[in-house]
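Protein chains in written order, with the UniProt record's numbering: chain A, 1 to 255; chain B, 1 to 314.
None of these hints come from the bench; they were simulated from the model.
Heads up, some of the hints might be wrong.
Non-contacting residues of chain B with respect to chain A, defined by C-beta distances greater than 12 Å in every case (computed) [said to hold, decoys possible]:
| # | residue |
| --- | --- |
| 1 | A7 |
| 2 | V16 |
| 3 | D46 |
| 4 | A51 |
| 5 | G80 |
| 6 | R132 |
| 7 | G251 |
| 8 | M278 |
| 9 | F288 |
Here's a subset of chain A near chain B, in silico, CB distances under 8 Å, partners left out [unchecked claim]:
| # | residue |
| --- | --- |
| 10 | L5 |
| 11 | T39 |
| 12 | S108 |
| 13 | P153 |
| 14 | S198 |
| 15 | F201 |
| 16 | A210 |
Quick reminder that beta carbons are idealized off the backbone N, C-alpha and C, glycines included.
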Amino acid sequence: MKGRLGFGVVLLVVPLLIAIFGPFFVPDEVTRGRAFVETGILGTDFVGRDVLHQVLLGGRTVVLVALIATGLSYAVGVPLALVAAMARRRWLDELLMRPLDIVLAVPSLLVLILVAGVAPRGYTTVVLVVAVVTVPDIARVARAAALEVSSRPALEAMRLQGESRWRLAFGYVVPTVAPTLVADLGVRITAALYLVASASFLGVGVAPDAADWAVMVDRNQAGLFLVPSAVVVPAALIIAWSVGVNLVFDRAVRR
Amino acid sequence: MSLGRYACRRLLLGLVQVLAVLVAVFLLVEALPGDAAVALAGDNPDPARVAAIRAAMGLDQPLVTRFGEWLHALVRGDLGESLVSGRPVADFLADGLPTTLLLAGLTMLLLVPSSVVLGVFVARRAGGRVDRVVTALTIGLHAVPEFALAIVLVALFGVELGWLPPTALGADPLADPAVLVLPVIVLLARPLCAVTRLVRAAMVDALASDYVRHARRLGLSRARVDYAHALPNALAPAVQQLARTTDWLLGGVIVVEAVFVIPGLGTSLVDAVAGRDMPVVQGLAVLFGVTTVLVNLLADVVAFRLAPRAGSAA
């Protein structure tokens with residue numbers, strides 16, 4: 001069990017460090033040589049850029065876009081769930097939660113491809129769409145947890161004492177449901193990573209020559225026989241981060 | 001709640017979902033700047049000509065009228081024509097459907113027995129070394145993006161070892177099934193992890209329940225207790241998860257077709273989105289969306305039949 005956690009931490013930390021600090025080790029000007037030759041440590045990519053530099057640069061978008069999108073969907077989903085769960089009137093609850101069932105009914109990746117493929121290109125679009133498709137899952141979990149809490153006698157007592165709803169929500173309900181939400185966090189982060197990386201790989205919402213691990217896998221696939229590292233290294237980093245996040249958070253939940 | 005009533009309620013929700021999908025797909029195209037008339041008018045559009053085309057195509061009608069007409073054509077099977085090639089959209093669907101169905105169907109066919117067998121296998125050894133290894137693997141791998149997994153497998157088995165073809169480029173999947181091995185393994189990875197975990201958890205619960213303990217005390221054989229009594233109860237949550245995995249499967253198919261250059265619906269969709277060929281995008285989106293809604297509907301009803309308590313909350 002300890003071994004699994006250690007393994008998970010390594011898988012989580014290595015890509016994260018490369019993503020955050022990698023760009024500081026890359027010279028500002030891009031040198032271009034011939035495409036797909038085995039020079040340097042990892043060779044060159046499809047337009048002759050150094051693969052090592054691209055790997056150091058390309059984690060920021062993949063990792064950070066996924067994290068920002070997750071943060072945003074919690075920021076929207078949790079308050080939504082609180083209002084729904086603490087609503088005195090049932091129709092308000094239904095009004096807030098039913099539309100989410102419809103988003104859940106369609107494959108997330110399909111929505112992302114359609115909207116991000118049509119909307120103006122850029123990471124803002126990707127963040128927004130990923131947040132929209134992951135809000136329903138978070139809101140559902142948060143609502144179920146908050147519903148249980150908001151029917152407790154303690155909360156009823158506070159209500160009778162005339163505490164404001166705001167204080168009830170953030171002073172009592174949020175701290176009580178927080179562990180449930182954190183338990184879910186690992187799954188949500190990897191789900192966002194999955195969507196962001198898959199969309200980038202399909203060329204949706206990103207520039208075709210962007211320094212991005214997923215874009216690298218797509219673009220350098222043509223040179224798989226010549227410079228396998230240009231494809232395998234970024235792919236392995238994406239896999240490592242996804243597996244690492246899951247192992248570490250799963251472990252944190254069991255404690 | 002009786003099965004009939006539940007099925008009716010669920011069907012109603014399904015209809016609303018289908019309608020919502022249709023509205024969303026229609027509005028998605030409406031939200032685009034410029035319309036088909038501008039696209040048809042060429043590089044240097046003359047406003048009078050654009051207006052004439054618009055009137056001829058009925059684009060000057062109010063939104064609701066056009067939605068009604070689009071819906072009406074859709075029901076008759078008329079999906080319009082590609083803006084790029086002028087081919088009917090229905091042809092795109094007919095071309096890609098067999099390949100995509102083959103991929104998704106093969107994966108589903110392998111998924112059900114393998115996840116149940118694996119889940120039951122580790123549940124009967126809960127806490128042991130095999131269980132710990134399999135659990136760690138299913139937790140770790142369940143959200144790995146298909147393209148990353150695919151490319152690593154291709155580099156290993158297709159390039160380094162040369163055992164399997166690295167792409168399906170130019171091959172007929174039916175004549176040369178070897179090209180399908182890697183795609184199906186990649187598609188299988190995520191759902192297999194999810195369903196195996198669920199079967200394992202449900203089976204562990206079932207094995208610890210009172211009725212299983214009672215059956216054991218009656219002297220029934222272990223195999224009989226496990227497979228005839230515990231297993232059926234453990235399967236209801238797995239059926240619902242199985243339906244949820246069709247969401248992933250449909251998303252995954254798009255990615256896997258792109259990685260292995262398989263000419264299916266996913267490839268058509270990605271190409272159409274890249275080329276802004278909106279009628280094709282609409283047609284494919286409707287097909288994907290409606291399929292998902294229907295599969296989920298079916299699974300919810302089946303799960304309700306298997307364990308009425310579990311589904312009654314929905």
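Q | Which numbered hints fail | A | When the structure is compared with the hints, numbers 2, 6, 7, 8, 9, 10, 11, 13 and 16 turn out to be violated.
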